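J.: Count along the sequence shown from 1, then add 31; that gives the number in the numbering used here.
Keep in mind the hints are simulated off the structure, nothing from the lab.
Hints are not guaranteed to be accurate.
[What the hints assert, rightly or not] Pairs of lysine-lysine residues, derived as DSSO-like cross-links and limited to a Cα-Cα distance of at most 27 Å, are as follows: (1) Lys151 - Lys112; (2) Lys97 - Lys151; (3) Lys151 - Lys116.
[Claimed, not checked] Pair by pair, the computed Cβ-Cβ distance ranges are: (4) His105 - Ala42: 31 to 41 Å; (5) Ala42 - Thr129: 17 to 27 Å; (6) Ser91 - Pro117: 32 to 42 Å; (7) Pro45 - Ser91: 11 to 21 Å; (8) Thr129 - Thr51: 31 to 41 Å; (9) Ala109 - Arg137: 31 to 41 Å; (10) Leu41 - Ala146: 14 to 24 Å; (11) Pro45 - Glu135: 25 to 35 Å; (12) Thr127 - Glu56: 45 to 55 Å; (13) Ala123 - Val44: 28 to 38 Å; (14) Leu41 - Val157: 17 to 27 Å; (15) Ile88 - Val157: 17 to 27 Å.
Quick caveat, the model's predicted, so the values are computed rather than measured.
Think of the CB as a built atom: it goes at the ideal place given N, C-alpha and C, for glycine as much as any other residue.
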Amino acid sequence: MSESNVQATLAQVPYRVTLTDGVHEWLADVNQEQGGQDSGPSPHQLLLSALGGCTAITMSMYARRKEWPLEHIHVELAILKEEGKPVHTEIARSITLTGELTGEQRQRLLDIANACPVHKLLSGTVQIESRLA
32 MSESNVQATL AQVPYRVTLT DGVHEWLADV NQEQGGQDSG PSPHQLLLSA
82 LGGCTAITMS MYARRKEWPL EHIHVELAIL KEEGKPVHTE IARSITLTGE
132 LTGEQRQRLL DIANACPVHK LLSGTVQIES RLA
């Protein structure tokens, strides 16, 4: 998946990381209490934003294909728990849909949200291979 390639660089400013996919550039940082500059979202917030963005895009694409009257999607996310070894994480995702949707359409869109690619990735087993270059 070449569109999933990202580079992260930390240089002079403590804890501020510049991220790029070769086209776009964004920052990650931690708050001042943790020694950062709070110049960008934290890594945890970036993870949640990936899930929120994927959720909204996937639901919107599906509704457009079906020509359903979905006008607006609002996704709120929070990490509720992150504990244990191996780490067990619980994420709360609250989705608000605006539009003249039937109950059946709303339920189908919830099913679609649970099938978005980032949701699948986070729900499955993730193995990370690290090496020094």
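J.: Now, for every hint given, state plainly whether the structure supports it.
T.: How the hints compare with the structure:
1. For the proposed pair lysine 151 and lysine 112, the alpha carbon gap of about 19 Å is at most 27 Å, so the pair holds.
2. For the hint pairing lysine 97 with lysine 151, the CA-to-CA distance comes to about 22 Å; that is within 27 Å, so the pair holds.
3. At roughly 21 Å between alpha-carbon atoms, lysine 151 and lysine 116 fall within 27 Å of each other, so this suggested pair holds.
4. The supplied range of 31 to 41 Å is met by histidine 105 and alanine 42, whose beta-carbon atoms lie about 36 Å from each other.
5. Checked against the hint of 17 to 27 Å, the pair alanine 42 and threonine 129 fails, with Cβ atoms roughly 43 Å apart.
6. Hint check: serine 91 to proline 117, Cβ distance near 34 Å, so the stated range 32 to 42 Å holds.
7. Separation of proline 45 from serine 91 is about 38 Å and departs from the stated range, judged on CB atoms against 11 to 21 Å.
8. A hinted range of 31 to 41 Å holds for the C-beta pair threonine 129 and threonine 51, which are about 34 Å apart.
9. For alanine 109 and arginine 137, the hinted distance range of 31 to 41 Å is not satisfied, since their beta carbons lie about 22 Å from each other.
10. Taken as a hint, the range 14 to 24 Å is violated for the pair leucine 41 and alanine 146, whose Cβ atoms sit roughly 35 Å apart.
11. Between proline 45 and glutamate 135, the C-beta spacing of about 52 Å breaks the proposed range 25 to 35 Å.
12. Between threonine 127 and glutamate 56 the C-beta distance comes to about 31 Å, which lies outside the given range of 45 to 55 Å.
13. A beta carbon spacing of about 32 Å between alanine 123 and valine 44 agrees with the range 28 to 38 Å that was offered as a hint.
14. The given range of 17 to 27 Å is respected by leucine 41 and valine 157, whose C-beta atoms sit roughly 23 Å from each other.
15. Taken as a hint, the range 17 to 27 Å holds for the pair isoleucine 88 and valine 157, whose Cβ atoms sit roughly 21 Å apart.
Violated hints, in rising order: 5, 7, 9, 10, 11, 12; the structure is consistent with all others.
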